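Given next are the chains, with one letter for each unit.
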Amino acid sequence: MEETIGGVFASGREKIPPGKPMSMEQKMLDKGAQMMQSLKPVKQMNQHVCTFALYSQDMARQIETHHYVTRLNQDFLQCAVYDSDDSTAHLIGVEYIVSDSIFEKLPPEEQRLWHSHAYEIKSGLWVNPRVPEMALKPELENLAKSYGKFWCTWQTDRGDRLPLGPPSLMMSPQAVNLGMVDPVLVLQRDEKYNVSTEALKTSRMELAEPEWINPQADYWRQHYKCFAVDVVPTEMKKITPFP
Amino acid sequence: MASSDKSAGPMPPGDGSVPPGKAMTVGQSIVDKGAQMMQSLKPIQRMKLHACTFASYSHDMNRQIEAHHFITRLNQDFLQSAVYDSDDSSGRLIGVEYIISDRLFEALPSEEQKLWHSHAHEIQSGLWVNPRMPEMMQKSELGELAKTYGKFWCTWQVDRGDRLPLGAPALMVSPQAEKMGKAKPELVHKRDQKYKISLLMI
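Just so you know, the sequences run in chain order R and D. All the letters of the first sequence, read from the start, carry residue numbers 0 to 242 under numbering that gives the first Met the number 0. All the letters of the second sequence, read from the start, carry residue numbers 0 to 201 under numbering that gives the first Met the number 0.
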């Protein structure tokens with residue numbers, strides 16, 4: 000039957016997720032809601048970034064990601080992450096980005112869940128489509144020193160038609176074998192946006208390198224180990240009864 | 000190691016702001032505004048519906064939060080929402096929830112179903128509201144939503160005072176009719192006052 004979700008590895012990229020197209024009524028409700036409701040947090044998402052990420056438990060699996068970014072203050076960004084930039088894009092996770100000064104204050108066990116951004120930015124992999132490079136330069140220098148924590152909650156790249164299983168911790172591209180992004184993926188992205196990652200890399204050579212990158216980040220580089228999330232049954236905490 | 004439950008360690012010191020950090024520079028605001036004008040933000044433009052409801056941590060149902068969903072309907076059977084801890088412009092993105100029809104839910108393997116929660120009680124008891132939308136508009140939609148199931152990962156435990164997103168994601172569950180699942184009256188009251196709602200029964 001066409002609609003079986005079946006096991007984890009469903010085939011085909013069509014109909015992700017399964018389901019009939021929206022009804023007229025639903026569309027009208029959406030429009031109505033949009034007019035009447037105040038959607039302030041959504042309006043704060045005003046930057047689109049296209050970059051790449053790798054599954055920490057299987058770094059051969061690499062994805063093109065679309066971050067819709069809100070800057071909360073100088074040191075912190077929060078991103079809703081999608082698998083494409085069109086209107087049918089799937090919300091596949093959340094990434095948080097912090098400045099190096101904030102990152103240094105985190106306990107080491109926490110730092111190990113984060114990844115650095117220096118290489119991703121300097122190599123031209125991180126792109127703000129349609130925004131002139133000149134306008135971005137000061138921002139890019141800051142971002143090159145930042146660290147990210149990215150949970151992927153829907154593995155559309157492996158064909159999951161629905162979000163299955165626990166979240167995956169994602170890693171950033173790095174300048175070593177395991178961390179390099181497949182050139183085919185990069186080419187595809189470059190063609191779509193009419194950009195050249197190589198050219199951006201050249202133009203970004205003048206961006207300052209961060210003075211150091213905390214070795215707790217990109218944990219896999221030093222330890223050849225990664226973190227995977229497992230869902231385990233656990234005793235529920237007792238509740239204080241209502242008076 | 001990192002668990003949804005235990006806090007990873009001491010908080011970064013400072014003025015207690017969540018998250019910590021200095022206010023945006025003018026330069027950064029300009030980049031933001033510029034980007035917004037030049038870029039196409041299609042997935043975001045499809046986030047059209049705001050819902051305010053409640054959820055609990057599955058490993059500690061004493062901890063309940065008010066959750067603000069900004070929802071995209073992808074088709075008749077599927078919604079995806081970015082979840083925030085408030086509906087103002089400084090709202091923190093605290094997680095993601097997916098909502099599917101009963102039809103899709105029934106087709107999931109049972110191991111997967113265990114990660115999902117039902118919505119019937121939440122909707123029928125009026126805990127789920129769409130602020131500023133007239134009753135009439137909500138009614139038919141709510142009838143459909145009452146039959147759905149949700150999967151909600153919380154990636155930032157602001158309610159326990161985390162100034163930054165720490166640890167592993169936490170699986171959330173929905174309010175239910177029995178003791179342990181009941182939404183805390185004081186939380187509900189606070190929300191209702193803010194939006195001038197009286198608890199609707201449908």
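Check the hints yourself; a few may be wrong.
For each label pair, taking beta carbons as the anchor points, the in silico distance ranges come out as [as the list claims (entries may be wrong)]:
1) R:Glu-103 <-> D:Arg-102: 37 to 43 Å
2) D:Arg-102 <-> R:Met-179: 40 to 46 Å
3) D:Gln-123 <-> R:Lys-19: 23 to 29 Å
Mimicking DSS-like on lysine-lysine, the simulated pairs with C-alpha atoms at most 30 Å apart in a straight line are [claimed, not checked]:
4) R:Lys-42 <-> D:Lys-178
5) R:Lys-136 <-> D:Lys-41
6) R:Lys-191 <-> R:Lys-42
7) D:Lys-21 <-> R:Lys-104
8) D:Lys-195 <-> R:Lys-14
9) R:Lys-14 <-> D:Lys-146
10) D:Lys-47 <-> R:Lys-42
11) D:Lys-32 <-> R:Lys-121
12) D:Lys-178 <-> D:Lys-195
13) R:Lys-26 <-> D:Lys-193
14) R:Lys-39 <-> D:Lys-146
15) D:Lys-138 <-> R:Lys-19
16) D:Lys-21 <-> R:Lys-39
17) R:Lys-19 <-> D:Lys-21
18) R:Lys-42 <-> D:Lys-41
19) D:Lys-21 <-> R:Lys-121
20) D:Lys-138 <-> R:Lys-14
21) R:Lys-26 <-> D:Lys-32
22) D:Lys-138 <-> R:Lys-39
23) D:Lys-193 <-> D:Lys-183
24) D:Lys-47 <-> D:Lys-178
25) R:Lys-30 <-> D:Lys-178
26) R:Lys-30 <-> D:Lys-21
27) D:Lys-178 <-> R:Lys-19
28) D:Lys-193 <-> R:Lys-39
29) R:Lys-104 <-> R:Lys-144
30) R:Lys-30 <-> R:Lys-19
31) D:Lys-47 <-> R:Lys-191
32) D:Lys-47 <-> R:Lys-14
33) D:Lys-113 <-> R:Lys-42
34) D:Lys-178 <-> D:Lys-193
35) R:Lys-191 <-> R:Lys-144
36) D:Lys-146 <-> D:Lys-181
37) R:Lys-144 <-> D:Lys-189
38) D:Lys-195 <-> R:Lys-19
39) R:Lys-30 <-> D:Lys-41
40) D:Lys-113 <-> D:Lys-138
For the record, the hints were derived by calculation from the structure and aren't laboratory data. In this text the structure is predicted, and so the values were computed from the model without any measurement. The beta-carbon is built from N, C-alpha and C at its ideal position, and this holds for glycine as well.
Exercise. Are the Cα positions of Lys-136 (chain R) and Lys-41 (chain D) separated by 30 Å at most?
Worked result: Answer holds: Lys-136 (chain R) to Lys-41 (chain D) is near 25 Å, not above 30 Å.
Exercise. Does the alpha-carbon distance linking Lys-30 (chain R) and Lys-178 (chain D) stay inside the 30 Å limit?
Worked result: violated, 38 Å
Exercise. Can the restraint linking Lys-47 (chain D) and Lys-42 (chain R) be considered satisfied, given a maximum Cα separation of 30 Å?
Worked result: Holds - the C-alpha atoms of Lys-42 (chain R) and Lys-47 (chain D) are around 11 Å apart, at most 30 Å.
Exercise. Going straight from one Cα to the other, do Lys-47 (chain D) and Lys-178 (chain D) come out at no more than 30 Å?
Worked result: With a Cα-Cα distance of about 34 Å, the restraint between Lys-47 (chain D) and Lys-178 (chain D) is violated, given a limit of 30 Å.
For this session: Starting from Lys-138 (chain D), check that the Cα of Lys-19 (chain R) is at most 30 Å away, please.
Result: Roughly 21 Å between the alpha carbons, so the hint for Lys-138 (chain D) and Lys-19 (chain R) holds.
Problem set entry | Satisfaction of hint between Lys-121 (chain R) and Lys-21 (chain D), Cα-Cα up to 30 Å | holds, 25 Å
Exercise. Is Lys-178 (chain D) within 30 Å of Lys-195 (chain D), Cα to Cα?
Worked result: This hinted pair holds, its Cα atoms lying about 26 Å apart.
For this session: Measure nothing beyond the straight line between the CA atoms of Lys-47 (chain D) and Lys-14 (chain R); if it is 30 Å or shorter, mark the hint as holding.
Result: Between Lys-47 (chain D) and Lys-14 (chain R) the Cα gap is close to 22 Å, so the pair holds against 30 Å.
Problem set entry | Pairwise hint evaluation, Lys-144 (chain R) against Lys-191 (chain R), where the allowed Cα distance is 30 Å at most | The given pair, whose Cα atoms are some 28 Å apart, holds under the 30 Å limit.
For this session: Quickly compare the C-alpha distance for Lys-138 (chain D) and Lys-39 (chain R) to 30 Å and report which way the hint goes.
Result: OK: Lys-138 (chain D) and Lys-39 (chain R) at ~24 Å, within 30 Å.
For this session: Would you check the hint for Lys-26 (chain R) and Lys-193 (chain D), treating anything up to 30 Å between C-alpha atoms as holding?
Result: holds, 28 Å
Problem set entry | Lys-138 (chain D) paired with Lys-14 (chain R) [C-alpha distance capped at 30 Å] | holds, 28 Å
Of the numbered hints given earlier, the model fails hints 1, 4, 8, 17, 24, 25, 26, 27, 33, 37 and 38; all others are met.
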